[in-house]
Amino acid sequence: MKYDRFFEYAKEAGLEEAQLYVSRSESFEFALFHKELDSYSVSTSISLWATGVKDGHIAFSTSEKDDEEGYREMVDAIVRSTSLLEKPDEVGIFEGSDRYVSKKVRNPVLARTAPEEKIALARKLEELLLQEEGVADVAEVFYSESDDTVLFMNSHGLRLKSAGNSFIIGGYVTGKDGEKTIDTGDSFFGNDLSAFDPAELAGKIGEDLRKRMGASSIKSGVYPTIIQNKVLPSFIRAFVSTLSAESVQKKTSPLAGKLGERILSPKITIEERPLDRTVFFCGFDDEGVAKENRKLIERGTLLTYLHNRETAKKDGVKTTGNASYGGGSIGIGAGLIRLRKGKGTLEDLVAKAGNGVYITSIAGLGTGLNPYNGDFSCQAQGFEIVNGKIGRPLTLITLSGNLFKMLKDCSALDANTVLTTRKVECPDILIKGMSIAGE
Amino acid sequence: MLAKKLALLTLNEALATGGDYAELYVEDTAREAIKVETGHVESISKARTRGAGLRILKGLRSVYGYTADLSKRGLLSLARKLALAYEGERLFEVKSFTRKKAPSVCPIKDPVIDIPAETRIQFLRAMDEEMRKDARIVRARSEIYGEKKAIEIFAAEGEEGFLMKNEESHARVTAVATASEDGKIETASNSPGIHGGWSYLLKKIDGVAIARNARDVAIALLSAKECPSGRFPVIIANGWGGVIFHEACGHSLEATATAKGLSVFSNSIGKVIASPLVTAYDDGTIRNAWGSNNADSEGNETRKNQLIKDGVCTGFLVDKFNGRRLHMEPNGCSRRESYCYEPTSRMSNTYIAPGKDRPEDIIKDTELGLYVANFGGGSVDTTTGEFNFAASEAYIVRHGKIAEMVKGCILIGSGKEVLMNIDRVGNDLDLGCGYCGSVSGSVPVTVGQPTIRVKEITVGGRGGRLE
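Chains A and B supply the protein sequences, listed in that same order.
Just so we're aligned, residue 7 is where the first sequence starts under the working numbering, counting upward by one.
Just so we're aligned, residue 274 is where the second sequence starts under the working numbering, counting upward by one.
Check before you lean on any hint, since a few could be wrong.
[What the hints assert, rightly or not] For lysine to aspartate or glutamate, the following EDC-like pairs were computed, each having C-alpha atoms within a straight-line distance of at most 20 Å:
| hint | chain 1 | residue 1 | chain 2 | residue 2 |
| --- | --- | --- | --- | --- |
| 1 | A | Lys256 | B | Glu315 |
| 2 | B | Lys674 | B | Glu640 |
| 3 | A | Lys257 | B | Glu315 |
| 4 | B | Lys689 | A | Glu206 |
In short, the hints are calculated from the structure, not lab data.
Turn these sequences into a full structure, and let the hints guide you.
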């Protein structure tokens, strides 16, 4: 096997243990503008992540050179790094889990479907978007597909493999709202092209554009606020990152010492479900540990932090299989997250809100959220809620709060869930009161 | 890196179906980041990126692909796959490449990545010690990042193509301080960068000073009040404050946005788009600046492009492809993060030119408002021009003086409105470094401005009304 050479070099260079993670990806993308193929891209990429242990230190190196020269460079870099690192290695390379769950989630039909058919589907979407009332122009219709394979190998003889593919198709439109130009867009993702209905997506985009006409601001204040199921994933992801045992141990998560405590509303139950049959299925983490589905928050109570093997050892617990490469070392990451749904419809939730705000879009949370304490401010759009009904559209408002307080103040969730590309599935939720700034 | 013969074969294969322009971008990049965290060397990560991106244009169509396989088989296979996107007869065969030479805007004698790791660790230890001088700092992270990139661009739109070679070497120093007291956690960071070597870095970046600043801001934030909300005057400090112009205006002046008529500033050349106090440039030729380069990603020399003069829009940032739609020549601003991205028009070092006001007078003349000393970042919708910026260090201005610190502020608005509402421009131009993410990836950019005042901006925060 070609990667045996890597392990031979590692042994020759004096590495006591070694690991190689190889990720291959084939991608295909295009975009339409005014019925023409405006861009078209095909690519093949490969990334290698090498890990090695020497003299009590563990080091990492990455490369895109999938040849003997590349393997040697990575091994040499690891040897050099281990001689300079001061942090002792606590765990070494993993020998393997007893059992791994494997599911065939790659759809070979998607890979076999000719590019022309995918382009035809996008053209259909563009045509339907142009027919939508209020659409002045179709700014873009896009399609992006990737087909990924991961090989995991280590010097203990552990060999793992995973494969998956997915696509996303969507469009952006503009409309005239008096003197102003407004825009909106939406997309569909999955790995089954037959599940995509261009008419349904075009209809949703058109309806959203029409609803946004005449948007204005609102008087600054504190309002009962509904966060839409497509917007909430950004907040849920940010919350899950604070469950990182590494952050807790380094004193940069406010959740230190809160295990077993009720930290969120009793209406909130959050699970990590990497083994569910979705395009996000993942059977092992970046240390080769078998993944499991598990509850993280049950009825508001914190059940566990997310661990890799190093943080688990420090806390004297079993790893949760959340090791993830990043920033030149093994950190912590989470797979598919599910926020358990509530009951009823969005209309029921709006009725419960009475008078408030329904947030349907946010921007700037990436820089507007302090991951260390959960404080955030971001740009938002949505609708005013008046007497239990959705009212006029709102734009150029800000939404401010604290992530933990927001999830503590959740008073209801509906059963209207959606799975998003952020690997989060969640319903719409109602928060008792949030700061909105506008006029 | 790549044999001319193989580049010739690849371009000719790519042009077989009637493409009128083909370009092969070959890259070999070594990166290394060393991190010292709260007293010890935490990680040393080394990465190597090597591959090629191939673009074929045919009129107003573009196809792009990339591969890490630089063998003859890998490149020709990519060229064939891409050429299949077009139908037609070959227009020309590329016969040779003329060597194009770029001026040395960013001379580099001693790339940071080639400096012994022990020397860089010593630099970081001084920063680490400075941050941990206050016991409230619970986590201190100092990092030095360096990269060395060798680039070859082979391009042709006729029998005679060109080859341009370029070398880049960026370096960035980061200090992140996390302070904790009474259950509160706050963090602050500082990350200056250069496009230059180690000796230039030592001249330009005082590691201990940036560590001290990160420490002091993180500690000050522990007792900061929540930012008030509403609409009021906002003074934006010089340097990194220029991110407001970058987001609110710069992106909307890139041909990526203007060419299809989708930008709020499409068809704006010759029209008033800003207050008469505003003159602005994008200048990729500032010596060794973080956003500068000898040449752009299409092999053109970088330039100083005027975007606005006395409030009137005077130009866009134009790349080759979008220039075709605009009937404008490219002006040296086509950029990409790596071979994995198709190049397009992007900002480099973008700034508002200095005005006449002294910054202290701008503050003195403000009765009640907000002073933003630093931003975390922001984003813009180029179609509507609506933007957002999160402030990382801000203060209330009361009776002409900087008063208490506030946290959790976000500024939102429309770029058009903000540009028209700039009513004071200081004489203290400065630049700040960051990364800008857009369609062609994340690229190093410098933003800049003197101290400015905007008559009124919507400010979001949890502190109630400003009083």
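#### Entry: Hints that the structure is at odds with (numbers, increasing)
The structure conflicts with hint 4 only, although it agrees with all the remaining ones.
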